[in-house]
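Generate the whole structure from the sequences, applying the supplied hints.
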Amino acid sequence: MDRRRLLTSSLGAVAGGALFGLPATASAATRTTVSHDDGTIFAPGRPGRDYTPVITPNGSTLPFKIVDGVKVFHLIAAPVEHEFAPGLQAQCWGFNGSTPGPTIEAVEGDRVRIYVTNALPAATSVHWHGIILPSGMDGVSGLSQAPIPPQSTFRYEFTLRQHGTYMYHSHRDEMTQQALGMMGMFIIHPRVAPTRRPDRDFVLLSGEWKVLPGARRPDPNEMLEFNVLTFNGKAYPGTAPLMVERNEFVRIRLGNLSAMSHHSIHIHGHTWTLVATDGGDIPQSARWPEVTQLVPVGSTRTMEFVADNPGDWSLHCHMSHHTMTQMGHNGISMLGADAEMIDKAVQPVIPSYMTMGHDGMGDMAEMGMPVPKNSTPMMGAPGPHGYIDMGGMFTVMKVRERVRPGDETSWWQAPEGTQAREATPQELQRDRITLPEFKAKPAGHAHHHPPGDES
Amino acid sequence: MHLFRPSCRRLRRPLPRAVLAAALAPVFGACAHGSLQRDVSAVDDLLRERAGVVVPSRSEFGAAIGADTVAKLLAAPLTPETAVRIALISHPALRATYAELGLARADVVQAALVANPVVTLERFTAGRFQEFGIAQSFIDLLSLPMRRRVAEAQLTGARLRVADQVFQQVVEVRHSLVEAVAAAQIREIRDRAQAAAAASATAATAIHAAGNLKDLDLVNERAAASEFQAGAIEARGESQSSRERLVRALGVSTTGAALVLPERLPDLPANDPTEDTLVALAARSRLDLAAALQDVNAAGKALGLTNRFRLLPDGTLSFAGEGEDGGPFESGPGFSIPLPFFDRGQARMLRAQSALRAATARHEALTLSMRADVRAAHALLTAARERFDEYRSRVVPLRRRVTEEAQLQYNAMAVSVFGLLQARQGELNAGQGYIEALSDYWKARIQLERAVGTSLP
Ligand SMILES: [Cu+2]
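Chains A and B are the protein sequences, given in the same order.
Quick note, the first sequence lines up with residues 1201 to 1655 if you use our numbering.
Quick note, the second sequence lines up with residues 10 to 466 if you use our numbering.
FYI, nobody ran anything at the bench for these hints, they're computed from the structure.
There's no promise every hint is true.
What the hints assert, rightly or not - So the derived list for chain A, only partly shown, Cβ under 8 angstroms to chain B, looks like this:
#1 ILE1532
#2 MET1534
#3 LEU1535
#4 ILE1542
#5 GLY1557
#6 SER1575
Said to hold, decoys possible - Simulated restraints on C-beta separations:
#7 ALA279(B) <-> GLU1540(A): 46 to 54 angstroms
#8 GLU243(B) <-> ALA1322(A): 51 to 59 angstroms
#9 ALA239(B) <-> GLY1414(A): 34 to 42 angstroms
#10 GLY1414(A) <-> SER235(B): 30 to 38 angstroms
All residues carry an ideal CB built from backbone N, CA and C; glycine is no exception.
Okay, structure coming up:
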C-alpha cells in the first residue's frame, strides 16, 4: 500500500485496518481525541498550528524533520559533562549533549521515526515510557530488542495513538544508565485541541543523584542516600524560573524518573488541578484541586491552573531533604552542643575549625566557608530578603503583569502593605500582643565568621 | 701547639737526677715522658683525620688543653661538632683510654732496658774464706734491639687502638645527640596527638551533653584520649632518658634537663657516597683494622725474636774471685749457659707461631666483617634516605592535604568533628614517621661512619 496516498488533512480519515500490529481497542477514550482504530493516517502535527510547544526549563525540545509524512528524530546517547548547579559538575550520560535529553514533542496520530545512535562506551536501548506501541518498539533490551552496541544506530518507528505526558529512558542496565541521566520527556499533544490551549506549558522531570562533595561522577550503586535532587537535571539555584504572565492559563507537566524517590511537588500562591496522568486525561468530574501533587517514580502528572496571583512563588518537592543539596547529611548532629567548649578544645589543634550546626542549619549555607571543589553549598542562594535556604528540587514561578527579557533575574516588588515585616510597638499595643520575657541577647558564639576573620 | 708540649728535658731540668737520666737516655733507651707526648700527639693526628671536628690538644697524660670552653659550648644549642668537642675535652673515660698509651710505652722502655748485673759476695768466717762475683746476662744484651722492635711494634698497635677507642666515643656522642633530638621532636608530636585526642573527647562530651551522641561513642573517645595520653607520657620518658644518655656520652657533670638541644634534626646531605667508595675508604681508615695488621707485624717480630734465641734463651758472662785470709786472691772470668738438651724452645716457638697465626686470622676476619659492616650500614642508609624521601615528598604533604580536604568536607558537613580530628591525627602520625625516618637516616650514617672508621663529609 502506498502510504503517501493515504496522507490527508489532519482530520481526514482513510480506512486501513490494524496497520501496525496494534490491537484495535488499544486506546481508552481518555487518551485519544480521534479514532485510531480505522487505520486513519494523519498529517504530521505542526507546532503553533496544531499545538502550543512546551517549555522545558533548563532544557530544549528535540528538533525533527518530516520525511514522507513521518516525523524523524535523532537521539544520540553519549557521555556529557553536566552542571547541576554553579560549582557542581559531573560526568553524566545523556542525549544530544544534555541530561535529561531534549523533550520529544509530537501530536497524537503522528508517525514518528526515532534514530538512536549509541556513542556511549556501553550498549544501551531506549524505552518509550507509557507510549502504546508495537512490542518490538518498546525498547526493553533483551526482551523487545537486541541491545544497541556502542557506535551503532537503531531505528524506532511507531504511530502515536494517544496524547499525554510521557517519558523516555534507557532500558539497558537501568540502574547505571538512569543514575547517570539517560532520560527525557516525551510529550504528545492531542490531535483535536482542547477548547483552551495553555498559554504556558512547562515540563519538569524530577531526578535524584548521589554525588559526594568533591566527587565527579554520580554513584549508580546508591540505593537511598541521594544528595542531589533535580528538576530537569538542575538543583537550585541552578534551576531556571518559570516565567508566567498574570492570568495566563498554565500547565505544568511533572515527570519522575528518580531511582528511588517519589516527590510531593508543591506550588505556592495557587491551587492547581490534576488534569491528567500518564494514563490519560482525567474526566472533568474526577479532577481535583490541590496544592501538592505526589509524583511516584515512573509516573507523570499534569497540573493546570490560572496564574492569577502575581509574585515570586516557590515550586518544590515538599520532602525536606529533597530541597537540600550535597551537604549536611553525614556529620554528627551538633544541635544544642556547647560550641564554645568544643571550639576552645579543637582550635589549638586545628586553627581553621569552628563548630557549626549547634543552632540548626539555617545559616549554614551563607557562611561562605570553603567547601570541597566541585560541590555546592548545602542549600540555596541569596534572595531579595536574605538567604533562600532551600536547594535541590526547588524552583521559582515568577508571575508578572508582563514578562520582559531579563525578568528571570528580577525579584517581586511587593506593593505597600503586602509584605511581612517586624511589627511596630504601636501595632503590638493596638492589638494587645503580650510578648514573652526575653533575657538580654547573649553575646553568643561568633559562628558566622571563621576564627581570625573578625573585621 | 708545641708550646704546650713540654719536652722531657725542660720539665726535668731543675732536678739533678733528671739531668743524669737525660744524659744516659741515648745510651739506655728512651726518655719515657717525652715519648709519651709523642704517642698522644700521634693518636691526636690519627683522630684529626677521622673525627671531622677540631681535635683539642692534649697533655702527655691525656688531659685536653682548653677545658674552660666546655661551659661555653654547653650554653649554646649542641651541634654534632660542639658535642664531640665537649666529649673530647671533658670525658674522663678518654683520659683512661689515653693512659693505655703509657702502659704500652712502659713496655717499650722496659724492653730497652738491660737486666741489671748480679753481684755476689760471700764470706765464710770459719775458714776466713771469701769470694765475690759479678754476672751479667749477655743474651739480654744481644736480644735488646729485637725486643725493642717488638715492643715498638706493639706500641704502634696500642696507639691505633687508643685512637680507635676515642673515635668510637666520638661516634657514640653523635649517635646520642641524634637520639636525643629525635626523642624531643617525637615527644612534641605525641603531645600534639594527645591534644588532638583530648579535643576529640571534649567535643564528644559536649555533643553527648546535648543529647546527640550515644554513650558508646563518648566512652570510645575518652578511651582513645587516654591512650594518647599514655603515648605522650612514654614519649616524655624516652626524651628525658635520651638526654641523660647524651650526658653520659659527653662525660659532663650537667643534667640532661639542662642540655640545650637543637630544635630539629639536620636535613639530609645532598647525596651519599657509593658503597664501593666506602669499602675502599674503610680499608684505609679503620683503626681497629690497622691495629689488627700491626698485631700481625708485632707477632712476626716476636716470632723472629723467639726463633733467634730458641736454643739459647739465657746465658751469662761473669767475673769471680776467691781467696783465703792471707792466701793469694785468685780471680777470673766465667761463662754459663743452659744446654739445650731437653728444652730446645719448642714450646716458646709454638706459642709465638700460634700467636702469629691467630693475629693473621683475626686480621683477615676483621677485613671480611669490615666489608660486611659497610655494606650493611650502607643498605640501612639507603633505605632510610628513600623512606625519608617518601615521607617528605609524599606522605607528609598528602596527609596535610587529607586534613585540608577533611576540613572542606567538614565545612560541607559531610565529615564530623571527629573525622576532622582523625585526619589531623593522621597528619601528626605522618610527622612522626618523617622524624623517625630522618633520625634513622642519621643513625645509619653514624653506623656507617663506625663501619668505615672515619667521619663522612
Ligand atoms: Cu522529593
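Hint-by-hint comparison with the structure:
1. ILE1532: 4 angstroms, holds
2. MET1534: Holds. Min distance 6 angstroms.
3. LEU1535: LEU1535(A) check passes; min Cβ-Cβ to chain B is 6 angstroms, inside 8 angstroms.
4. ILE1542: With Cβ-Cβ at 5 angstroms, under 8 angstroms, it holds.
5. GLY1557: 7 angstroms, holds
6. SER1575: 6 angstroms, holds
7. ALA279(B) <-> GLU1540(A): 46 to 54 angstroms: 50 angstroms, holds
8. GLU243(B) <-> ALA1322(A): 51 to 59 angstroms: Once the Cβ atoms are compared, 56 angstroms apart, the range 51 to 59 angstroms for ALA1322(A) and GLU243(B) holds.
9. ALA239(B) <-> GLY1414(A): 34 to 42 angstroms: At roughly 36 angstroms between Cβ atoms, GLY1414(A) and ALA239(B) fall inside 34 to 42 angstroms, so the hint holds.
10. GLY1414(A) <-> SER235(B): 30 to 38 angstroms: 34 angstroms, holds
Hint compliance for this structure: every hint is met.
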